[in-house]
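Participant: Below, each chain spelled out in residue letters.
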Amino acid sequence: MGSRTVLITGASRGIGKTLAEHFLAKGDIVIGVSRTETSLADENYHHFLADVASEADAKRIFTAIKKQFTSLDILINNAGIARMNAFALTPIQNAQDIMATNFMGTFIFCQKALNLLRKSPCARIINLSTVAVPLNLAGEAAYAASKSAVETLTRIVAKEMGGFGITCNAIGPSPIHTQLISGVGDDKIDKLLQQQAIKKMAVVEDVINIVDFYVQPQSSMVTGQILYLGGIS
Amino acid sequence: MDSSDIEKIVVNALQLTNQSRSDNTQIPISESTVLFGKDGHLDSMALVALLMDIEDALAEESIDVSLSDEKAMSSSRSPFKNLTSMTQYISDVIAEQS
Chain A
3 MGSRTVLITG ASRGIGKTLA EHFLAKGDIV IGVSRTETSL ADENYHHFLA
53 DVASEADAKR IFTAIKKQFT SLDILINNAG IARMNAFALT PIQNAQDIMA
103 TNFMGTFIFC QKALNLLRKS PCARIINLST VAVPLNLAGE AAYAASKSAV
153 ETLTRIVAKE MGGFGITCNA IGPSPIHTQL ISGVGDDKID KLLQQQAIKK
203 MAVVEDVINI VDFYVQPQSS MVTGQILYLG GIS
Chain B
62 MDSSDIEKIV VNALQLTNQS RSDNTQIPIS ESTVLFGKDG HLDSMALVAL
112 LMDIEDALAE ESIDVSLSDE KAMSSSRSPF KNLTSMTQYI SDVIAEQS
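For the protein sequence lines, the chains are A and B, in the order given. The numbering used here numbers the first residue of the first sequence as 3 and each following residue consecutively. The numbering used here numbers the first residue of the second sequence as 62 and each following residue consecutively.
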């Protein structure tokens, strides 16, 4: 399999960067979006600096993509931010920033990508959620709420776009050693792991495994699903 | 961009729509054809697809507008009823948003 066109937000580090490398290794064309420069260097890799929460940035990116590509096969909305804080002490601006990047970023990129996705015979949208949603994790009110919104968006986009042959699913990773959770204490992570059926840290490859499942042509009947790692439901 | 240019874009988008429809569901392209609403040829999903194609064509002309607001989609006297009303609506939206 190869030569698919894949757009990944938050592609400069963590899960997004590993996913970009994964698709490049398969011979796909990857369009990465992030607020920072990339260290990825590949003839099939195209990088755009952007804030995913900015509609103007998204328009600029999709205008450029349309000039170069006739369709988009896979959109992975991976860009996300998290700030742990007690609900009572969470600065309102933090909550707004988290909603903007995590929810509005996903909303905007889903919407702007639709016309290119419609032209793919096997179009896929994959959104990133978190186990913080089903676990209702204390200290993650804004983050979990933003991802809860992403999950609802995923289900509704799946319904509205099913007729166009576009599937839309989400992945809820359990804790993985990435920068996103670098500020979370070991005791908190341990407590979280104890709530899982499989009480260990996940690795990025676990996410890649689900992504590969969602994008394979045989998964055309799989849509509107949220798949959590670690045995959370 | 004047009304005739916009009408051309709408007609092109309808022709594109017809390409993906069977022979017995082709949309006759004329001013009297009911596109959307009672006895219309387009269901809501087909209308969304058509509007997306029109937005795309307008974007190629550097006109960046959003055509489907809540009022327009739910209006009992939909501006998407036929070619003439759709062309007029798009002209109005372009004038408002630019």
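Worth flagging that the hints you see were computed from the coordinates, not collected in a lab. For glycine and all other residues, C-beta sits at the position ideal for the given N, C-alpha and C. Hints are not guaranteed to be accurate.
[To be verified] Listed below are the simulated DSBU-like cross-link pairs for lysine-lysine, each with C-alpha atoms no more than 30 Å apart in a straight line:
#: 1; chain 1: A; residue 1: Lys193; chain 2: B; residue 2: Lys69
#: 2; chain 1: B; residue 1: Lys99; chain 2: A; residue 2: Lys68
#: 3; chain 1: A; residue 1: Lys61; chain 2: B; residue 2: Lys132
[Said to hold, decoys possible] Label-pair ranges, simulated between beta-carbon atoms:
#: 4; chain 1: B; residue 1: Leu77; chain 2: A; residue 2: Ala43; range: 36 to 46 Å
#: 5; chain 1: A; residue 1: Ala43; chain 2: B; residue 2: Ser123; range: 39 to 49 Å
#: 6; chain 1: B; residue 1: Ser64; chain 2: A; residue 2: Arg62; range: 26 to 36 Å
#: 7; chain 1: B; residue 1: Asp84; chain 2: A; residue 2: Gly233; range: 17 to 27 Å
#: 8; chain 1: B; residue 1: Lys69; chain 2: A; residue 2: Ala43; range: 25 to 35 Å
Participant: Each hint should be assessed against the structure and marked as holding or not.
Facilitator: The hints, checked one at a time:
1. A/Lys193 <-> B/Lys69: Violated: lysine 193 of chain A and lysine 69 of chain B sit about 62 Å apart, past 30 Å.
2. B/Lys99 <-> A/Lys68: violated, 35 Å
3. A/Lys61 <-> B/Lys132: holds, 24 Å
4. B/Leu77 <-> A/Ala43: 36 to 46 Å: holds, 38 Å
5. A/Ala43 <-> B/Ser123: 39 to 49 Å: For serine 123 of chain B against alanine 43 of chain A, whose Cβ atoms are near 33 Å apart, the range 39 to 49 Å is violated.
6. B/Ser64 <-> A/Arg62: 26 to 36 Å: holds, 29 Å
7. B/Asp84 <-> A/Gly233: 17 to 27 Å: Violated, since aspartate 84 of chain B and glycine 233 of chain A (Cβ atoms, about 52 Å apart) do not stay within the stated range.
8. B/Lys69 <-> A/Ala43: 25 to 35 Å: Check failed, 44 Å falls outside 25 to 35 Å.
Consistency with the previously given hints fails for numbers 1, 2, 5, 7 and 8, ordered from lowest to highest.
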